[in-house]
Structure formats: structure tokens, C-alpha cells
Amino acid sequence: MKGVLHHASIIVPDEERVHELAELFGLDLGRRKFVQEYEADCIFTAGRGAGIEFIIAKAGKLSKFNKGMGGLHHIAIAVPDLESAKVELAKKGIPLLETAPVDAGPIHINFVAPAYTRGVIVEYVQQVEPRPESPEIQPPVSASTDTGLTGGNDTSRRSEQQIFKEARTLRSRGQADQAALLLRDAVRRGWLSPEGVEKVGRHVSGYLKDSASKCLEVLVLGQCTTNWVSTCLVASAWGGATAVQTTDGQYDNVLQELIAAVDSGRRYDVVVLLPWNQRLLASGRGEERARLDEEVAFWQRAWQIVTVRMSARLIQVGYDWISPGPFGHHLAGQAEGPVHLVRQMNERLRGELPPSAFFVDLEQASGLMGRERFYDSRRYFWTKQPFSEPGAARLAEYIWVGIRVIIIGLKKVLVLDLDNTLWGGVVGETGPMGVEIGETAAGEAFKAFQEYLKQLTSRGCLLAVSSKNNPEDAREPFEKNPALPLKLGDFAAFEASWDPKSVAIQRMARTLQLGLDSFVFFDDNPAEREHIRQTLPEVVVVEVPEEPAQYVQALEAGQWFEAVGITAEDRERTEQYRAEAQRREVQNSFATMEEYLASLNMLGDVRTIDDADLPRVVQLLGKTNQFNLTTRRHGLEAVREMLAHPRSIGLTVRIADRFADYGLVAVLLGVEAPGRDVPILLVDTWLMSCRVIGRTVEEFCLNSLMAAAVAKGYQRIEGQYIPTKKNALVAELYDRLGFKRTKEDSESGVTYERDVSDAAPSSTLVARRT
Amino acid sequence: MNRDVILNKLLTVFRDVFEDDELKISAATKSADVEGWDSLRHVSLMLNVEQAFGVKFTSSQVASLKNVGELIELVESRLASKSGEGRAR
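The listed protein sequences correspond, in order, to chains A and R.
Numbering follows the working numbering, in which position 505 of the first sequence is assigned residue number 505; successive positions increment by one, without gaps.
Numbering follows the working numbering, in which position 11 of the second sequence is assigned residue number 11; successive positions increment by one, without gaps.
Bound conformation, chain A alone:
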């Protein structure tokens, strides 16, 4: 992109200084204009060539530029065409501040924030009329005096009515895909009212039916009417880029509907069970204890059918109360009171639920919104559906989060900006001790946010920084300012540079060996958020409010780091990823990979899966995507049943080295192949954590499996690679390990075999712990 200097702008305190400088520069003054928005007089020099614009700011933010002293503010570059300049800049990850160029009379203008130019505010100018002798140019519309972009740039936001109108128009033109994407974007950005969410659900259900796409099949059964909730669920899932089709059962007919579903042979991936309290709280049903037992027994029968006979995953919603009822609020919470009954019931459900199921705590969900808003008595009596529209939409979000966690997996990394995200102010200006943290109202809010994040790390979530700053400036507050709850050690990755953030995040993904879909992005700057949305659509972008006091709430609303259960290993994870980053540095100093691996003194611990391991094994089955040869998401009952067979083999492998204890990193499940003339072990599942890839742990796993197979008298091992979007990493694993390909087809992938007898152990640098 070729440009020429159009003008430079200088902010001055008064008109006297304008004349002084003009004389000093030997320039004549030309036209002037008062710009209301900036409360500033703008005076241009006259004559040929690039000019100078003097800005006399009377009040407003321009008057505060450079602590009120003024000075060189921005330079303006004239380009032939703003649109192509925009495209060219976007390729470099540099957004223009305004979504559309600003019409400034004879010229159109747009701006680049100083964050992208290392400190220079740049105005791009396109001449639309012959250049007058002294062009009138408005001062930069959004150029603030700091180095960050300014907020509130949400001009693309459309009203709900416009969105649906546009979607209908697209559909009527036969562009159903675009309509569906438009609606997805609206859900994702939180632009819709609860009514709008429900409407999207209806749109999308129809769209998915018409397009015959492969969907996640969800059966929703309730003791109340479930239609609104399930329609909203379709919308929530669609916002999360997942095609979900729901089927509703008859109101309060749960067991019969389940048995009918089994008999129909139709496959469901997930069953959602939604209790309502009319039976639990009905009068004249004996004392609390007996009621609870009876109600729990009912759901246990349902769970049995769902997990064993339907092999579906289970989402169990809890019970709730709407009001204390005739007991009054004092007695309702005591034994035999309705609130007490509901709470006891939820505790029982939680305690007895199959471990691989997800419990949606309705009492928490409604409490957060407020029961008076969450429920609507008219709707209950009109339709036997107790939820208001906002309540139904909110409950659907919670259910969707449960499905996301047990079927798709967890988010792992939270990427944070620094200035005005983790603290107030710009560290490059204030220095490490001057950032706003604690003390002021905003400072306390930033501090509370940091404390919240610190707790997230102990939940196994990795924190990372992506900041446009000088690396030293960015690190200093964490090292020197004791008021910051977060320390450098709390971050698994720290990217402070002037590169576009998309580049920084991709670099992190490589270092941490995680997919981009494990990332959540939190940045106070709307332009950066838009940049990530457009360049890295897999990354979840949180809509960050302007008010730091609401940061925690905004982050929590998406429930991105919800998990089935916290294992001790979750807590260790941050430590391990950090160790891996250090190891990579060590790696460079070794001559050969083998030398390096040998220096790690890796120890492997192979164990037969027992009950204590099962929750972690099921967790890994649920979330491992890359090193996973068959991606079978077995639930806890399925694994237990598989391993109950005496011919089955279930192994876990734990790895430790001199840097870290990785804990349980690999799971191998093998069953006897039916109807063969020689005993053949079929590898049902082989998965491994990516943290230990490329360290001969694969070979160690195979050797361990071979040994177990020999001990049970197997003669051959049969393996399978079922390709998914994410597991290309292991496409040739079996080839590499000396297996022969026996069958290939597009449905079941590639089948391999290897004799146990001729198998020399594969070479590994992992020693077996004895």
C-alpha cells in the first residue's frame, strides 16, 4: 500500500502557540473549524504539500493529551482507497478503529490505534474531492491519549427484529446456511432476548431437519412440560457450534417414555431428566425420609435405563422450590418443610448419581436469576411448564453446558489482556507500581478479578497473557508490585509483544500443545475481540463489559470452565505445563533427542484399572481428542462392565520424570475379539495425554499391553484407527509400531494387527517403575 504524508497534527494549549509555531515553521495559516465532538478548534496551514493541523482543545479528552501539555498527536497518511488499505492492514492483524470510514468533507478518514504502530496514532485519509487549499480535517474520532484502543465499538450490533428479518430474507433466497450462521453469531454474542433465543431454537431445528445434518440426539423428559427448554437448548448448542436435535416426551411420564425409547431402538446420545416438585411436595405423602427414598428410587430406575439399556449420557436436573409456601419462610427450611425437602432431595440425587453424569443444580440456577423472574405461575397452569421465558432460556444454557462438558470436553486455557483487564491503566505509562489495583473502587474490582483467576488455576484452568506491550513492561508489575494477587508463576504462557494477538495465541497453542478450541479469550478491547472472532473462530471470545466490577460475572456466565469433577490431577496441571515449557528450553541444549529423553529419567507405572482410577479414566475418555485412536466416549458404567469380563485388559500408565510427576497419562482398554479361531485382543481404546507425546511413552504403553496380552494367552493384537477431525496425530501410530494394515474403509477407519509372538519389545526410554 503506497501512501503519502497528508498532514501531521499538533495539540496546543492556546491560539497564541499556534501563531508562534506557524511562524517558527515558516508556514501560513489557512482555514479553521470548530469540532463540537472534541471541543476543539482545528487550524490548518495553507499552501502546497503536506500540512500541519493545530488542534486547540478547550476541554474533553484531547485537552488531556500528554498530561495537558499537548504535542505531536497523530500523523495522517493519504491513500488512494481506504477500503483496500483496510483489507491490507487486516492481513497484518491491524484493525481500523471505525467500522466505516468517517466522512470529513473532502476526505474520508479512519484510524489505527498506537498499539499497532508502537506509539503513533495514524489517521488514514482518502481524498474524495479535489484537495482544497487547506483541508478541513476532524481530529481523530476515537484516538484517545493512551496507547490502547478505545472501547464501546459495537456498531455492528443489530436489533433482534433486524436479525430475524435478515434471517428470513436469507432463507427465502435459498441461503439457509447463511441464515443459520447469522443466528449463531447472534446467540454467541448474547444479542438476543430469551424470546429471541427460543425463536432461534425453532429456526435451527427446522434448518437441521431440512439439511439432514448429523446431530447430537438429545431426549428431554420431565415431570413438567419441557418444550420451551428443549427449543432453547437447540439454540444454546447452536451458539456453541453444535448441532443438537431434541425430542420431548409426554409431560410427567418419564419411565414409560424411557422404556418406549429403548423399544423403539432409536439412538440417543444424551438423555436430560428434568424433575418438577409436584409429587415430592404433594401433601399427605408421609414423612420426609420416606418421600425422599421413594423419589430417589424412581430416578435410580430411570438412570439404570439411560446408562445401561440406552448407553446414553445422562444430564440430571435438580429439584427446586418457587416459594416457601404455607409453611412460611422460617419453617420451610426446617425438617418436613418444602425448602428443606428440596435441598435434601438434591443432596441425595447428587450423591447417588452415576459418576459420569452431569448434575444441573436448578436451585442454584434459579437463585442466581431470582425465583420471581425464573418462574412464571401462569405458564405453569397454562402449560404445566413452570419456567418463565428467561428462566427456560437460562436453564437450557445450564443443560447445554453439561452436554458440552461430558460430550465435547473442557476449555483449558484462559487468555487475558493486561492493561485495563487485569489492572487499571496502562503499565507502559504508569510503571509497575502505578497500575490501578486495590485502593480505588475500580482497583478493588481488578484485584477481585485477579483473585478469582488465581482460584481458577487451582481448578486446573491454565491462565495465559496476551498483551501488546514491551515484554519487560508487561512482566514488571507481577515481579515488583506486591499488590497483585497473580504472579508470573500463575501463567502457563506469557505473550507480550507487538504481534497481532491471533499470532500470539497460535504460538501459545503450539507451545502448550493444545487445540485452539481449548482457548477462551478475555480482553477489554472490543477491536481485539473482533479481531480474534474473525481470525480464530474456534476460540471462545467473552463479551467483556466496560465495568471491571462485572468482569467476574461476565466470565462466569459462559460457564467455560465447568467440569464433571475436580481431580487432584487438575490442580497439578498448571505445574506440569509450566514444567513442559521449561523442558522445551532444556531441549535446545541437547545434541540429540535421544540424549535429551534419556536425561529425563522417565519412569512409567503400569496398573490394572481399579475402582479408584475409574473417575479419572472416564474423564480422560471424555476429553482426550488428539492422541485417541478410536475416540470412544465410554461412560463409567460401560467401562466397568467391559472390565468385569475376565478376558478384558484395562491398563493405566502413569509417568514421572525428573521435572514433574505427570500422573495418569494413558489409558488402554482391550477386549477379546469374538468368534476368532485364535485368541485375539482387540484394542477398544488407546488414548494418551498430549503432554507426553514424542517421548517414547507410546512404545512403553504398547510393550505394557503386549505383556498383559501374553499373560492372558492372546496370540495377536488387533488395533484400529478411526479418523476424526482432531486425531490425525495418531493416523500412522500403528504403522510406526510395526503393525500390519488388514482393512481400510471410510466408515471404520483402518484396522491393524500384530502377532504377539514375533514382537520384540519396542524401544523406549521409559523405565518401568518396580
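Don't take each hint at face value.
Unchecked claim - Listing some non-contacts, in silico: residues in chain A with all C-beta distances to chain R over 10 Å:
#1 Pro13
#2 Leu97
#3 Arg118
#4 Glu198
#5 Ala297
#6 Pro326
#7 Leu664
#8 Met706
#9 Pro761
Claimed, not checked - DSSO-like cross-link-like pairs, simulated, lysine-lysine; straight-line CA separation at most 30 Å:
#10 Lys165/A x Lys24/R
#11 Lys82/R x Lys384/A
#12 Lys56/R x Lys384/A
#13 Lys384/A x Lys30/R
#14 Lys24/R x Lys209/A
#15 Lys712/A x Lys726/A
To be verified - A partial selection of chain A residues facing chain R, derived with a Cβ cut-off under 10 Å:
#16 Lys165
#17 Ala167
#18 Thr169
#19 Thr225
#20 Asn227
#21 Trp382
#22 Thr383
#23 Gln385
The set of hints was computed from the structure by calculation and includes no laboratory data.
No residue lacks a Cβ here, since even glycine has one placed at the ideal position from N, Cα and C.
Chain A is already provided as a structure; the job is to place chain R on it using the hints.
Quick look at chain R alone, frame taken from chain A:
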């Protein structure tokens, strides 16, 4: 607000609820005439009509409607009692 005005305003609500910009209704229109007008959608429709006119219906009023004509009458009577209240104050 006369009946034509009410009908016109209702038309906007109907088109929005049933998502059909071409939808036409008259006093004689029944639920069977409109695609998707089932008992559940009926409730959504009523809630939207309430919102559009700033009135509230009772459970029995909602349950007894036979066609759009009756809905117009219902809206009319609720608006009248509303403005009556206003005068009384």
C-alpha cells in the same frame, strides 16, 4: 383504539410469533388456519399480545378464545377496563 387498528397491530404480533411475513389474518381466522398454532404456541402468542397492548389476560380468557375476532374483542375489553381504571384514578 378501533378494531382495525387492533387487527393491524395483532397482525404484526402474529407475523413475528409465527415468523411469516406474508401471514394474513382476519376476524374469522382460527388456530387451524395458521401453521404452527398449537396449544404451546398459543401461550407464546398470548404473552406477546399482552406485551404489545400493555394488557393482561386471565387464564380462562386465554383458554376460551375461538378465533381472531374474539381475540380482538378481548383486547378491546381489556383496553377499555384499563382506561376506565385510569379515569377512576
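Against which earlier hints does the structure fall short, listed by number upward? 4 and 15
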